[in-house]
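Q: The lines below spell out each chain.
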Amino acid sequence: MTSFTVTTLDLEAGPVVEFAGELDSASAPRALQAVEAISPRPGQQVVLDLTGLLFCDSSGISALIAARNIAHSAEAGLALAGVPRHLARTLVLIGLDTFFTTYATAAQAQAAWPESPAGG
Amino acid sequence: METTFSALLEDSAEDLYENAPCGYLSTLMDGTIAKINATLLGWLGHERAELLGRRRFADLLPVGDRIYHETHFAPMLRMHGEIGGIALELVRADGTRMAVLVSSTVKTSANGTAQLIRTTIFDAGDRRAYEHELLRARQEAEQERDRVQLLASTLQRTLLPPSLPDVPGMDVAAYYHPASADEVGGDFYDLFPLTGDTWAFFLGDVSGKGAEAAVVTSLTRYTLRAAAVQEPGPASVLKRLNTALLKDQHGATPRFCTAIHGLLEPAGDGAKVTLASGGHPPALVIRHNGAAELLDTRGGQLIGALPDARFVEVELRLRPGDTLLLYSDGLTEARTHGRVRYDEEDLRDWADTLDVGSATETVAAVSLLLDSFGDGVDDDTALLALSVRLLGDERP
Chain A
1 MTSFTVTTLD
11 LEAGPVVEFA
21 GELDSASAPR
31 ALQAVEAISP
41 RPGQQVVLDL
51 TGLLFCDSSG
61 ISALIAARNI
71 AHSAEAGLAL
81 AGVPRHLART
91 LVLIGLDTFF
101 TTYATAAQAQ
111 AAWPESPAGG
Chain B
1 METTFSALLE
11 DSAEDLYENA
21 PCGYLSTLMD
31 GTIAKINATL
41 LGWLGHERAE
51 LLGRRRFADL
61 LPVGDRIYHE
71 THFAPMLRMH
81 GEIGGIALEL
91 VRADGTRMAV
101 LVSSTVKTSA
111 NGTAQLIRTT
121 IFDAGDRRAY
131 EHELLRARQE
141 AEQERDRVQL
151 LASTLQRTLL
161 PPSLPDVPGM
171 DVAAYYHPAS
181 ADEVGGDFYD
191 LFPLTGDTWA
201 FFLGDVSGKG
211 AEAAVVTSLT
221 RYTLRAAAVQ
231 EPGPASVLKR
241 LNTALLKDQH
251 GATPRFCTAI
261 HGLLEPAGDG
271 AKVTLASGGH
281 PPALVIRHNG
291 AAELLDTRGG
301 QLIGALPDAR
311 FVEVELRLRP
321 GDTLLLYSDG
331 LTEARTHGRV
341 RYDEEDLRDW
351 ADTLDVGSAT
361 ETVAAVSLLL
371 DSFGDGVDDD
381 TALLALSVRL
391 LGDERP
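For the record, the sequence lines run as chains A and B.
Going by UniProt numbering, the first sequence opens with residue 1, and the numbers climb by one from there.
Going by UniProt numbering, the second sequence opens with residue 1, and the numbers climb by one from there.
Bear in mind the hints are in silico, worked out from the structure with no lab data behind them.
Hints should not be assumed to be uniformly reliable.
[As the list claims (entries may be wrong)] Chain A regions said to be covered by chain B (calculated; three or more residues, Cβ under 8 angstroms): (1) 50 to 62; (2) 84 to 97; (3) 103 to 113.
Quick reminder that beta carbons are idealized off the backbone N, C-alpha and C, glycines included.
Please model the complete structure; the sequences and the hints are all you need to start from.
A: Take a look at the structure:
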């Protein structure tokens, strides 16, 4: 059995969702539910912190794309933080390395976001 | 206070015995019924006089249980002085049966002589019904699983070619390793003739598993087959597929695939291959001298997730004895025994040491590699290999 945990942090600088463990077809729905549950506001940035991600298969990639679609349809941004090497390799392989905005850490992603979390 | 309490207890002892929520039965050592409570008489539908001194406990059992009683129950009771929780059936006066749980103890006199057997009988009707229900549910689950596996394997067969066609001058081989018997896998491949001497092939991997993935696999296969005939080259074929998959999206979660699609044309004593990749792990070329290389198709994007996906096309020549191997990521994402995932470079390094000269040998070697991973392969794996026959090797 794979293990996967998702933790949502409602920080002042915007929501951060931490995915840890194995993101696959079994855990992808939970990952996506967490992003949907945030209901991002326009102008906000959702950061997916992937530092603890041990594995990500095609269903996991699908969930990351879906998370981006959800954020964008709410006129919010989405950034990946702490992308582990194995996932970075996969993103290059599937040609999505420039599709996602990525940062080394969640804090850097938040610092780089131009708009204040309140959307003002 | 204490006096009142014991008086109450004393007063109800006989009533408790007669009308307890379980049956009480005392028999002589030969099983002859000596005492029986009203509860058990009520369950059995017998009069007390019909049983006392006239019938043995074993007479209340159906034949099968009577044999069990004589061969197991009674000997165990004599040996241990007690026996508990035995499931038996009792035959009522009207011939119907009731499921019971029986416990017995032997009462001995002060000098240790066995005097009588005390038996407690619980109504096990509910418990039996529960156990029957469990058994029935398990049988149904097993039948259901068989049906699902049959459906999955039937559906899988419709998504893969029943056999590969013969390509003149080439050896071709394919392999499919399903990760689960219950679910249709998301991998697909095909090889088919286009016009003249040109052949088209593809291998890919649809995201997700099960029926939903099968729908995408089916759409992908038919689109690729049709587009390969109409479009000028592999990259524009993948563009067509991208458009078709995007039109078929439901909800936020994209249903995409990664795939390599290529054309094969005879050229000189070998073949020219043009292939395009949409986010798929790089194809491997194993030269006749043993050197292996990964075809660089980086930059090609997965198919069906982005409106303006890019695809990367490369050309190569296969000479006699050279093999082109396409594979799905079940192979390169397999966990090896040390739980480190196996990647494309590992595959290339492994292939570098191979001494193979044909598609058939290559697929056989890779399937052995997969077997060596054992349970480490937790995704479906598809392989498709094409090789130019060595001169003088005219086997059909």
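Q: Examine the region 50 to 62 of chain A: at least three residues should have C-beta closer than 8 angstroms to a C-beta of chain B.
A: holds (count 6)
Q: According to a criterion of three or more residues whose C-beta lies within less than 8 angstroms of a C-beta of chain B, is the region 103 to 113 of chain A covered?
A: violated (count 0)
Q: Do three or more residues from the region 84 to 97 of chain A put their C-beta atoms closer than 8 angstroms to C-beta atoms of chain B?
A: holds (count 7)
Hint compliance for this structure: hint 3 alone is broken.
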